[in-house]
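Engineer: Please dock the two separately framed chains into a single complex, following the hints provided.
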Amino acid sequence: MKKLLYAISAFAVLVSCQSLKEEWQPVFTFSYEDGKAFTPVNMDSEVNATIAEIKALYTSHGAPVEILDNKIIKGEVTTSDEDGNVYREIYIQDATGAICLKLGRSSSYDDYKVGQILYVKCRGLVVGEYGYKSGNYGGAGLLQLGLMGDGWEEYLSGLSDTEPEYETSYLDLAPIINQHVFRGAILPEAQRVKPVSFTGAELTAMKDATQSPVVSMLTKLSGMSYGNSDNGKEIFCLFYPDPNLNHSKYESWNRVFLSSPNTRAKGADYTFGINTWSLTKNRFLTLAQSGIWDDVEIGDGSGVIGSAYTSFDNFGYEELYKDVIIAHPNAQSVSHYFMYDGVEVQVRTSGFARFADEQIPADVRNGSKKVDMVGILSRYQGSAQFTLLDVYYSGTTESLIK
Amino acid sequence: MKKILLAIVALAACLSLSAQDITGGVQGIIVNRNGRQPIEKAQLNLYQGARLVAAAETGEDGSFSFSGLENGMYTLIISAPEFLDNQVEVSVIDGYVKNMFKLSLTAAQQGSEIDDDSFAVFDMNDSGYNDNPTILFGSNDVFNNIAGYNFSSVRFRARGYNSETQEVYLAGVKMNDAITGYGPFSLWSGLNEAMRSKETVNGVETADVALGSYNGVTNVFGNAGSVRKGLRGSVLTNSALYRLRLMASYATGQMDNGWAFAANVSARLGGNDWIDGVYYRSFAYYLAADKVINDVHTLRFAFFGTPGQRGAQMASTQEVYDLMYDNMYNANWGYQNGQVRNARVRKTHEPVTFLQWEFKPSDKFQGSATVLYRFGKNGYTALDWYNAQDPRPDYYRNLPSYFYNENPDYKRNNQAKAVEAFRSWYNEDPDVVHMNWDRIYQVNSLSADGRAKYVQEERRTDQQDLNLASNFKYRPLNWITVTGGLSAKWNRTEYYKVLADLLGAKYFVDVDNFADRDFASTPHMAQNDLQYYMRHGKARTLQVGDKYGYDYYAHIHNYGAWANGEFDFGNLGINVGAKLGYQRFWREGLLDKGLFPSKSFVDPVTGNNVEPVRDASGEIISSYGNSKKVDFLTYAAKLGVNYVIGGNMRVYGNVGYFNDAPNFNQVFLSPRTRNSMVENLTTVKTFASDLNWQYSGNGINVRATVYYTTIKDQSKIMSAYDDVQNAFSNFALSGIDQRHMGLEFGFKMPTYFIPDLSIQGVVALGEAVYTSNPTMVQTLDNSASLVSYNGTEVMNVSFWKYHPVYPRDVYGNIPEGTTLNDYTKLQYHYVPSTPQTAISLGLAWNHNYWFVDADVEYFDRAYLDMNPLYRTDFAVMGPDYKATPDEIEYMATQEKFDPAFLLNFNIGKSFYIKRKYQLGFSLNAKNLLNNRNVKTGGYEQTRVVDNTDSKSRYYRFDSKYFYMSGFNYMLNIYFRF
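Line by line, the protein sequences are chains G and L.
All letters in the first sequence, in the order written, are residues 123 to 524 by this note's numbering.
All letters in the second sequence, in the order written, are residues 23 to 999 by this note's numbering.
For reference, chain L alone in the conformation it holds in the complex (with noise of 0.2 Å):
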């Protein structure tokens, strides 16, 4: 009887068992990553091994549930439309039902085709002005989907942030250019396909690869598994900056042998309708292959690079603009031999490589590490002249206002000769108006001994950029998530010139120009390699191919830690992160150059003995060897408030504080020739807030964002010709505040009215001004010597942050008498490159896959970059030293651009043949009110003109401008298998 009541016992306790078994569960919410809002539809297929267990979708809510599980491990996988596929392991252990709370999807990109493709490639002349600007994607934020696109034709700025300031990462690792900052987009323009899935935050947020800074974080993630399944194909013409993109792309998925694989290549080709000698011969390719080798470990590599040559835009002044009634104008082509020739083209071959694995012992803990390479050659053209004329058609002694100006002050008062420079540009002679390719080859093939006048060189940066990055995603309890990483990045970039084309020469010679003008007698000083010319007792001569001029290395090592703790309170949550940051640099001068020699030498054609030069310290100022190395501990961190209401808003906010190092090209002050740093250097410190407010559901999207910055210490270093000094010079500038506020507004909505027709705007409304008077030192590269102005070598600049406004009678003159104290209120300078005000208001209406956007814009309150040297007291002054309320003003003031309206069209629709490929074609028309003046960008001119009549005041050399192209459309048809 025992025997038998115990195993009833036994059975009622197995059955018992074995009921609680089948007890187990799995439940949760997707989210949208960005916004923390439910998904409605989402599709969840969990799996056991590879055996389909159960599957279910979302509600509207976002909320999911499995019941009946067993115990054991699981894969979950969830899908959504216009979401990255996400992928969690999941165990049910003791017939528990396992509340996995919120999952999150990541938006993948759509719609937008903006990336470095889409700006044209400003040549600024190496002038040190940087009118990069921001690319916003979408992310199914509906402020940075719309502004995105509509804004990039006026190169627009999220926040008036400098572009350097977003954070671009790939396969977690931070891409940025090591040198500058600027954001790494050209390494992967062309490659869409490849590069679509990515995730965005904005401001001051933080994402899940890193802490991020204040103006974004973007992750892109290219790797195979990301790239859209299937074979995909578009064509794609473009009115504006090439004519023909061939672009395709295949993509295996994860197959069931845990292999993906992707490959893509694209070619961008010709030229486009506005910009004459600008054109594209763009090529790229990616592969890559990941692997799930087990449910822990996944690995992934890539391997990709963009082989190309860009035409660059050259600014030119109003004048030159005005002559040639076109604001297309490009002064950097000419015919040679009948045949367009552009003399800056950026050439670029720059591959970049990573192996990433991934680490997810648990549904708890999920890591990666990241290995990234990136290397090849980054150059970019123009011409280099010895002893000759400068070649540039829109050089300011060629053109009319050269010769007469209606003010006698000028001293330019010949009007026969400004007409005859008028009329040849009326006529567009083409040796005038265009670089005159043939008379230089005539020139060069002229010359004594075939020695080139002329030559065509390439500025290298060529970069090893080496990359390690580590990042984890820990949830030890429901509530809480941490996430962190380690990075290290260590880079060397060359910087050297390489002769590019000789033009019909037979040599060159390595020696430099200024220096061999001003120390012609002493032949060792203008030499760019001096052990060259201590070996032979003379300068180098050069054949296509041969490094000349300077050769450089920058060193970059920096390593980063960072942790950040999210904390889930139901409706609250709030996240507190922080990262530490080591920072070295230096230069290492690979060339000893004669101006700044490394050692006391004899020289080997006077036999004269010559001294290094040395600093008020007794230190050598060398051109070769290492520089002094410059540390910097860097640091930030970060408080973010999230609120959500009622399951479709929420009300989130952020604060942070950012200690960073500047970058590499705002420390040395004359890299090209020697290791001279700027003094007191500093680290940038940044205080960024926002609040934020966003609305997602029932078909309505709103976010709305105020912000509040505040940027310090910064520094910046910019070269040009200077006149007074007749020569070469660099600009250094320290102490440069900003402050940055203002309000974001996104929204789209159903018209209700109209079925399928929604109303969709954005507004930008910013004020980003300076704050402070910075000071700057000048250096000229032929001299150790800091330029003295009035006695003064730190000068400041006394009116960057504002100037006074002095009254004006009827006639708009300053009445005489006004003293300096009589203004009538400070003028801010702002910070330029970007509308301060844009706003873009629209109708969208999407049926049965086709869509026809409308959209107009407006766009005001953009300025003009500012240059120091008309902001000093040396610049108002005058060669009198005296100031006055006009000269203040007109040297002072900074330059606004005229306000924008803009309208632009789209169009699109997705065809489905035989329920198998997908055929679609959308055209994106730009400008349809055709408007050709709206500056996009420019400059001023770093130069005085100091020969005055009076002699007592200065003037200012006309700014240089860039323009938006007038009406132009993309067309774009794809097909998918």
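Excised from the complex, chain G in its bound form (with noise of 0.2 Å):
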């Protein structure tokens, strides 16, 4: 009998020298400490370069830039993606400008705060500019720190003679964000960036100003009133009918505008029943079911080609428009014009964004109220564009979307 205990116990005992092995540790821990807590880094006194001197990087339109020196800069967010209407990039800031960051992460404000200090090691990182249109009626775009844009490599070496549409693409990968974003210290709320305002002159002046330090900046504008500068309304919208499939490449029809005709009338109404900051999901398809939008004009670039009602050979099926864009509603970016110190100002609001469904007070519409604005500054095709942060009644400090 003692043999036969011998034997147990020293089974047990070999067996319980697993318990060196992490494959016990779950067996005996009934509550788990915390995980480790955040602890921020300074790197200040690596810091070699502003914001400023890496936007300077970015010299003529449709050549990104690689940085190939050791340049840390060290800048303030600004934005959070919380409410959705910015979107897998970040915005940072120093006292010589901003910029935005491609970091590609959805939900990032959960790691990178609003008045939190990042260091951005940016060597092979690359500026370049989203949105810019040569011509009269184009301009600069606004410039962005992200990784090279899919296919430019081979465009700039020659090996490609097609230029890609996008200078810079999203960090999007932890790994490489970990490379080249680190985290500091969050500022309390007294020592955050507070939004800048600017003249009206001063937006317009930054049209072809391609390294201006005004753009990508936490703005307030103050005293903004609904309206183009014609004193009509006017919103625009780009959907695809069929968002799967192609609006550019071999389906050109494929594209509907609601906007404002080339030659716009003055005063008139271009909203096409959006009262909203943008459009979800259920409320385009409760307005393209609605009729409001029978009588668009569906346009594929070069002209009108039709209405609502006009059918069209869908990849052998006939079908009406409205058929189509019925069957496949989609979020919707909306801009909505503004008029800032004499300035036409689109404000784009993403219909991802939590206050997509959110009306713009009556009152504002019809002009007898005016609203303060706090966002991003940005720039397409040298134009004055606004992303919504949050926004008041003139004057007053209670937010209409939060």
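Calculated directly from the structure, the hints in this document are not laboratory data.
The model shown is predicted, which means the values in this text are computed figures rather than measured ones.
Among the hints, a few may not be true.
[Said to hold, decoys possible] Calculated cross-link-like contacts (lysine to aspartate or glutamate; reagent style EDC-like; alpha-carbon spacing at most 16 Å):
id: 1; chain 1: L; residue 1: K433; chain 2: G; residue 2: E466
id: 2; chain 1: L; residue 1: K738; chain 2: L; residue 2: E186
id: 3; chain 1: G; residue 1: K492; chain 2: G; residue 2: E466
id: 4; chain 1: L; residue 1: K124; chain 2: L; residue 2: E186
id: 5; chain 1: L; residue 1: K651; chain 2: L; residue 2: E641
id: 6; chain 1: L; residue 1: K528; chain 2: G; residue 2: D463
id: 7; chain 1: G; residue 1: K158; chain 2: L; residue 2: E111
id: 8; chain 1: L; residue 1: K399; chain 2: L; residue 2: D484
id: 9; chain 1: L; residue 1: K495; chain 2: L; residue 2: D590
id: 10; chain 1: G; residue 1: K235; chain 2: L; residue 2: D471
id: 11; chain 1: L; residue 1: K931; chain 2: L; residue 2: D778
id: 12; chain 1: L; residue 1: K904; chain 2: G; residue 2: E440
id: 13; chain 1: L; residue 1: K904; chain 2: G; residue 2: D435
id: 14; chain 1: L; residue 1: K918; chain 2: L; residue 2: D882
id: 15; chain 1: G; residue 1: K193; chain 2: G; residue 2: E204
id: 16; chain 1: G; residue 1: K524; chain 2: L; residue 2: D538
id: 17; chain 1: G; residue 1: K196; chain 2: G; residue 2: D216
id: 18; chain 1: G; residue 1: K492; chain 2: G; residue 2: D463
[As the list claims (entries may be wrong)] A few chain G residues that face chain L, going by a derived Cβ cut-off under 8 Å, partial list only:
id: 19; residue: E144
id: 20; residue: W146
id: 21; residue: Q147
id: 22; residue: E155
id: 23; residue: E204
id: 24; residue: E211
id: 25; residue: D233
id: 26; residue: G237
id: 27; residue: D272
For glycine and all other residues, C-beta sits at the position ideal for the given N, C-alpha and C.
Structural biologist: What follows is the structure, given as structure tokens:
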């Protein structure tokens, strides 16, 4: 009997030696200790460049610049993607300017907080431009910091003749982000960047100033009134009746512009029933089904080709545009036109923004009240765009969208 | 003189009566209940009261005879090695010899330790797929004996049937899960000694406790008297599942005072050699008592449970396995402050108790009535997150393939990112390849106000399951045996979530993430608890232990009656049986959910009047309260014919027709959110038949079976995130038909040239195919409307049954100009998740308490579970609404797993110490060839790559797989007193 007990004990001891291995940890862990706490880094001593200096590297349109030097910048996060109107990117700002950092992660505000200091090791990153258009009706776009856009290396090295669409691409992958972006302290509220205000003239002046320091800055535009420069009301929304299809390459007909015609009438209403900041999928469907878009002009990029009740050959199926639109509802971005200090500003809101379905107050839309907006001053083809972060009745502090 | 004569006559009469008394006797044949073959050397003890009157042993033909018995009542106790004892009441009347004809013994389960514990918990990510294997029990059936153990490593399903078709009873009560139909083995896993005694029938055969279905019946006795007498203990180590099992049992056996007691406890602890993060912290207890009140009445009581935790294994894509150079990679775990933590842990404690009354008023009739109650908790943890990144390390956006694909149509052409992703996986960066718990804690700790962005939830399915079952066996004539029974089941299962861990945050908020995203401007729609919102004007904040998310009851009421008649005409036996059932079930929502309010209300925040959602007929689609009640009348009938040839051989066949209700989980479209049900519900119709030949004698055991089964009108609901709809979706399939046919062959026989060496093998060759194209409707959790595809809401899954195969050129491409009608054949699709070819061949040597087995196994024709979306016109046509031969083959083809060879080896020995103790060991070594490329299951993801360059077609998401462990062993050391 003793031998038996010895044998069993020896066996048990042998087995329990396995407890040295990780596999036993969850067996004996009845409650876990908290995970490792966040520890901010301080790389102030390594910072050797400003945001303005990084933006200054971009000197000619259509030529993204890869940063080969060991440049390290420091900036404060000014945006959050929590509300969804900034998506997959964050804006950082220092005393010299601000820039869009193309992180490529959704819900990045969980890791990168407003008011947090970020250190960006720029070597290997690329400064590129989005939204440049040449000519009188064009202008500079938005400078961004990211990776080299897909296809650009081949294009710049002469291996490809086709100019790719986007000069920069998202960092996307956590290991890549972690190689370049380092999280510092979160500043107390009082020490954070405050939105700056600009005059209408300053907005106009940034049309061709590629490295303009005001672009991408946290901005407050006060006393904005709803409407365009013709005293009319106007929105802009481009969507694709069948989003599964191409819209430019093969099927140019697959585009609907909800916007004013090229010769817009003074004082006209070109809002197409859209009185919310943007269009969620459900709102889109409601409007499409309501008939309010039945008379909308369907364009193919070169002219008007019909209305919602125009039928077309959809891969062998004769279908009405309206039916296709209703079959493929989707959230859509909408730009509302506001006047600020005599300058037309497009206030752009994503259909995935949490406040997309919020109505712009009727007293704002009818012009009886003005609003103050906080957001990121952006630029597309030389024109001022405003990425809305918050909005108030002028002179008040109660948000209209939160 | 007269007086003298009278006295003489009286004396003579008395003497003659006396002489007549002692002419009484009992005779019969002892047979194996399974197979009816005679049992040689069975021991028979005949008692009158407590007095042993006579003893005998059966002959080669199983026969026995007692003679010279006085009139009276006797108790005949029959025992035989490897069989459960049987006790029969016998009356001898008028000096006749009572012919008991055939008395059957039930085989005691031996050897194999296969139970629910033997299979890893496969985390199917709530997809609706089911990879549960069939658990085969030996019961002296040569096929099941070998296949049950040897095929378990590939999660074999007998005849390709779903595991829920295998009926499992405990003490005569059907224990299959009321909601899903799955086998209940997890309720008693770890109680191997207590639950060892069971009787099993195969296929369409009829059992004593139930008419059964078409995939066999197993009845576990579970009472104290069925536990092997004595004190037993064992220590087991296992390299594939858990490291250590300690088990002890004690049973008194039937004592003179009529009592029998039994207890069994066990602990299963630790991880394993193969799957990181998978661990057991499981315990089991069992207490039981039997009381024989008198010859007529016996009471049996048992109470047991298996509290414990098991870490689950997650399937991953082949890309992930290749990146890790490890097909055993498990994405569920990561390090939390340096400690291993699995995100998905099954936590269960569902005690079961039963009281059984057995009634034997005569040797012709015996009956039993059982009341059984199951209760407790069944939880499964998972991560939940709000407005945060998907934390799973193998999320497709974290993989190289998301950034680069050599097919330019994917528009994934960033090689630099792909290389970087590859590098971080190659280097096994723990923050990348495992769950990054530390980041989760940091996100939570930095969240504004301490609101959790990530939490660990526990999804609970807590059952209250009350059962009544009554069975009888009546033998009015020697050639007729009637069995039958009544049953009732009342099941109320509560589905809800509990906040299990705040992961460093201070609170969580009870809102529906998807609704909050889609309807952010109408906050009432995101409310999981609308009534709370109406009272407080905000969503409920949550702490650990709070219920949240969803909360509803599934109510199931089942009533059944069955009867079976066995007619014994000597060598010919016939049985005819039928059953009738009534099933009712409904959903009862306990929360009023904002998406589907039960009535109109005024939003306390916006002041808007909100109307409930209504269907086309104007009925409110509600999350709260009772759904419509669904009623089904079910029935089945069986016929069996059995012919014994020459004592050792028999031929038998069975046919059955079954009209079964669908399960609860096949009926409700989105039970988490509302009461909506699949339309046009119908029963599942099954015709099953088998023909068997069995030989048992001279040390040879053979069974050969052919079977043919058709199953029609099955339904199924699967859930997944749909990228096209950008929403969580439910896919409801109706009208799934299958055909199963094939053969089973098992044998064991002496080699003759080496003493004690046997050759054994099994062959399972089947063809289980789909024979219909079902219809599918898709719903979104967030919407009452059916999803419309190209204007159609009820979609035909046109390529479910088969798909056309087109000719290929020398380069493997479909030639230009090939039209849809130019196919060369139609390729049928197979019922998945089990090899349809399974063969085992081995040698077994038994001598002087040694056993040594070696087997080689071959598995082939196993297929991956199919996703219905890929087999629709929508998917094969793509965005351009044009199907091409290439698209059809690409989308509709069912993946066939590679065939596999395995080699197993078992050895064991028992030692008797001082004729009192028994010490032994068994070592089972599996997969000696260390084959780590054997897929045992998986599923296709129900999502398509839709953002292509050509905009003319869709692509599949990569499928996910589970693999069998490499070389593994189980060493069991046991002792018995």
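Engineer: Does each hint hold? Answer for all of them.
Structural biologist: Structure-based check of each hint:
1. L:K433 with G:E466: Between K433 (chain L) and E466 (chain G) the Cα gap is close to 37 Å, so the pair fails against 16 Å, i.e. violated.
2. L:K738 with L:E186: Distance of about 13 Å is within 16 Å: holds.
3. G:K492 with G:E466: With a Cα-Cα distance of about 14 Å, the restraint between K492 (chain G) and E466 (chain G) holds, given a limit of 16 Å.
4. L:K124 with L:E186: It is violated: about 33 Å lies between the C-alpha atoms, which goes past 16 Å.
5. L:K651 with L:E641: Measuring from Cα to Cα gives roughly 15 Å; hence the hint holds.
6. L:K528 with G:D463: Not satisfied, since the Cα-Cα distance of roughly 46 Å exceeds 16 Å.
7. G:K158 with L:E111: Violated: K158 (chain G) and E111 (chain L) sit about 71 Å apart, past 16 Å.
8. L:K399 with L:D484: Holds, because 5 Å separates the two Cα atoms, which is no more than 16 Å.
9. L:K495 with L:D590: The given pair, whose Cα atoms are some 15 Å apart, holds under the 16 Å limit.
10. G:K235 with L:D471: holds (13 Å)
11. L:K931 with L:D778: With Cα atoms ~15 Å apart, K931 (chain L) and D778 (chain L) stay inside 16 Å; holds.
12. L:K904 with G:E440: holds (14 Å)
13. L:K904 with G:D435: holds (13 Å)
14. L:K918 with L:D882: OK: K918 (chain L) and D882 (chain L) at ~9 Å, within 16 Å.
15. G:K193 with G:E204: violated (30 Å)
16. G:K524 with L:D538: Roughly 14 Å between the alpha carbons, so the hint for K524 (chain G) and D538 (chain L) holds.
17. G:K196 with G:D216: Since the Cα atoms of K196 (chain G) and D216 (chain G) sit roughly 7 Å apart, the hinted pair holds (cutoff 16 Å).
18. G:K492 with G:D463: At roughly 12 Å apart (the allowed maximum being 16 Å), D463 (chain G) and K492 (chain G) satisfy the hint.
19. E144: holds (5 Å)
20. W146: holds (6 Å)
21. Q147: Check passed: Cβ of Q147 (chain G) comes within 4 Å of chain L, closer than 8 Å.
22. E155: Holds: closest Cβ of chain L sits about 5 Å from E155 (chain G), inside 8 Å.
23. E204: holds (7 Å)
24. E211: Given a least distance of 15 Å, the restraint on E211 (chain G) is violated.
25. D233: holds (6 Å)
26. G237: With a minimum Cβ separation of about 11 Å from chain L (threshold 8 Å), the hint on G237 (chain G) is violated.
27. D272: holds (5 Å)
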